[in-house]
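Peer 1: Since the structure of chain A is already known, use the hints to place chains B and C on it.
Note that the protein sequences, when read in sequence, are chains A, B and C. Each residue of the first sequence is one higher than the one before, starting from 1 at the first, in my numbering. Each residue of the second sequence is one higher than the one before, starting from 1 at the first, in my numbering. Each residue of the third sequence is one higher than the one before, starting from 1 at the first, in my numbering.
Quick caveat, the hints were computed from the structure, so don't treat them as lab data. Please note that the accuracy of each hint is not assured.
Below, a list of computed lysine-lysine pairs in the BS3-like style, where the Cα atoms sit at most 27 Å apart [unchecked claim]:
#1 K270/B - K226/A
#2 K110/A - K271/B
#3 K246/A - K180/A
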Amino acid sequence: MIELKHIRHAYGDFKVLDDVSLTIQEHKITALIGANGAGKSTLLGVVSRLLNPSQGEVFLDGIDMSTMKSKDIARHLAILKQTNQLNIRITIRDLVSFGRFPHSKGRLTKEDYLKIDEALVYMNIKDIEGKYLDELSGGQRQRAYIAMILAQDTKYIFLDEPLNNLDMRYAVEMMTILQKMVKDLGKTIVVVMHDINFAAAFSDHIIAMKDGKIVEEGSIDYMMDKKILDHIFDHDFCIAGVNGRKVCIYYNHQQAAELAERKEEVL
Amino acid sequence: MSKSLSLFRHRRAILIVLFGLLVCLSLFVGVLDVSVIDIIEGNPDTWNILWVSRIPRTLAIILTASSLSIAGLIMQAISRNKFISPSTAGTTNAAILGVLLGYLIMGDQSLIIRSIFAFIFALISTFIFMLMLRKIKFKNVIYVPLIGMMYGAMISSIATFIAHRYQALQFLNTIGIGGFSNKAVGSYELLYLVVPGMIVAWIYATRFSIVGMGEDFAKNLGVRYGFVISVGLMIIAIVSSITFVMVGTLPFVGLIVPNLVSYYYGDHVKKTVIDIALFGSVFVLLNDIISRLIVFPYEVSISFTMGVTGALIFLIIIFRRMKHEGT
Amino acid sequence: MKAHKKMWIIVGSLTIISILVYLFFWMVTSPYDLFPDDPIRAIRMREAILNILSRKGIQVLAMIVSAILISSTSLVFQTMTQNRILTPSLIGFDAIFITVQTAIVFLFTSSSIFYLNPYLNFLVATIMMLGVSLLMYRLILRNNRNNIVFLLLVGIILSTLSRSLASFLQTIMDPEEFQSLTIRTEVSISNMNTSIIWIAIPMMLIVLTALTKDLKTYDVMTLGEPQAIGLGVSYSKKMNLALVYIAIAMSVATAMIGPISFLGLIAVNAAREILKTYRHLPLLILSSLIGIIFLVLGQAIIIETGYLTTVTVLISMVGGAYMIYLVLKENRT
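Chain A with its partners taken away, still in its complex shape:
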């Protein structure tokens, strides 16, 4: 279990994180949503120790993370930020092998090779493991990075906007794989996302942030509520039901038409 207690983080006077406390539930996919600048990425950075918060503590399975060594943390928790390393020529297999570094410090044992192969097979890229990263498509590259995270073999996985450069098919594929990882391998995954519908379709728990605070959290059904979402994003949404699931509609035809009429009157 990962707990955050009274996390505050500021750049100068600007409060990016304002007294955030939360518990991350295990064996679930938790989606972290919010408008731009709400503090999602910063929060992820703090949880994963990439960032040192101005105030507050993070507890990893009961231990204060600031007292742990980075290489020990690396065996329990993995974080993947934006993946845009295009100018380095390494193969998929080499990339995935890096994932074993916290365990083997670069000297790969038989167990390491096993884990690497497992990860490659799980992500369905074993057949292209010899290709260089810059020869891959966006979807393939993302799968390679996830394979590396898998090989890192950690209980907790944090992903910062992993669907950003993926088209819909790959995005769905990615989220499906994440669900599998929770079900089959018992991982705990936290994903920062900006698309609510993806969050609603694939996660088990949603945490919403606004202006550096957590304003709401709960199940999908609870969170897919017009009042809550309107408040988080400062927008006028419409919640519809499609195929028995809740879907959030950003664009309101009627309202836009009214706006256009009003503009014409002014002009």
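Peer 2: Then chains B and C, alone, in the frame of chain A:
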């Protein structure tokens, strides 16, 4: 997978053979005659030449070339830019400044003192440059070495200013002239100091690759980003300063060799360290032999031959890269 | 503009002061009695003074022309590279110049008219330098349209290459030829080649006219290639033309006062910081004036303080530090 592996071994075999050939050639080329028969017969004069001059010279070349190539590799890994090398990041200029100041403060001293001064300045300058690099987030990858060269030019101007002020211009012009022609027993041993650096580079190879993937990536894997970078900087500074003091400027080695190896072998540092050392040695040995032969029995400065061959090869590299990236 | 009016007056006056200082300050510190009572000595003194003044006058003219050329072309170059730090001096025109001169001596010997006559020599050298530049442009920009940064890198390598070749040719050439070669190649501010001033001035005027006609276009080009093309600018054509002007300008400046890296950087960026505009006309004028001040005043101070260093070195140090500051500042946006 096996196809690429055999090709891989194939290439390395070729490299090793080439290396061996050039080493032998290097031992035989020179003003004084050395023949195979004399060697086998144990002719004392011949063996004298070999021990005192040819072998030390060849060893000097191998040490210099491999260490500079590895330093270039590390530099490119940590700065994530293929066009960085000690000569395009101001490191060499800083070494010159260091030697100058050493001379002014302590008089014309031994190579060891020179190396220490060169090392200190090379370290500080490269550190500053890496700091600058972290601030530059420019899309065009060529931008960085251009800044590096301007930075180097500025350091040179500081050196010129100081030299002018203290009547040391003459001395300044002699720094950096070296070459392998005077490397013999008793005058090349200092070069062995680069060996510990290369060993550390080998041990830390994977960490350098990881660091080259970005700070967040490294932290995720529990690699101490700052520490690894510092180790890298130390290796770069030691290698640059010692080779500079002993041999002078060897243009393009740290730049081209890692680039060529990267093109053929990829960027995984641990895997390519040996190839880089071999490749670098082959390149410099070839140039040294050419410079010994081109106006035989006189020698052309190795800086010249490498300036020409290196420039041409580098041009080919960037043309090819630009075509590939279609920028 | 009112706030700037004061600035223009200050800069303008500084420019004039710099020129006056360079021309006349030596008289203040001269150990000789410049205006003796004895009529014969007075006449001789007057001749001597006029002599020195005319020499210095031409030097000032050379510096003014060079400063204007360097500053204006650096400004245009920065617009085209969308970058505030790179300048055309990086291409290493001085190295090309040395190689060209070495080649001339090698091919035509130092007693040939192409070498001895300063005007012919300059013309041949400039034509060859233009040829080399144009060749580079065609080779590089053909495949990588408008990638000027790439051009710079190639330029630097070529100049390293040419330096090596030149020094090689110099070692195998006749020592007497080598001696006469150094007259042409060791040009610097303290050792100006003023013999070509009368051809340099018209060339400067031609380049300035050509640049001035396109100033408004350059303004649009600051938006970047796609936007400029969208607004109807024939970007490639304008850029290639500008590169030609830059090649000519740098050849002239280098031939007269040798290489001065960083002058363009200082002049243009200082002008930008003062004016805070993108408009090329005021930037061109201000950066030229600042360039003149730095060069003329700088050299005057150096002469008066006994040649402690050269103005090139001074500008390199100041410019280099300024460059580091600019690089670090650039990221704060």
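Peer 1: All hints, please: hold or fail.
Peer 2: Going down the list of hints, with the structure as the test:
1. K270/B - K226/A: With Cα atoms ~54 Å apart, K270/B and K226/A exceed 27 Å; violated.
2. K110/A - K271/B: holds (18 Å)
3. K246/A - K180/A: Holds - the C-alpha atoms of K180/A and K246/A are around 22 Å apart, at most 27 Å.
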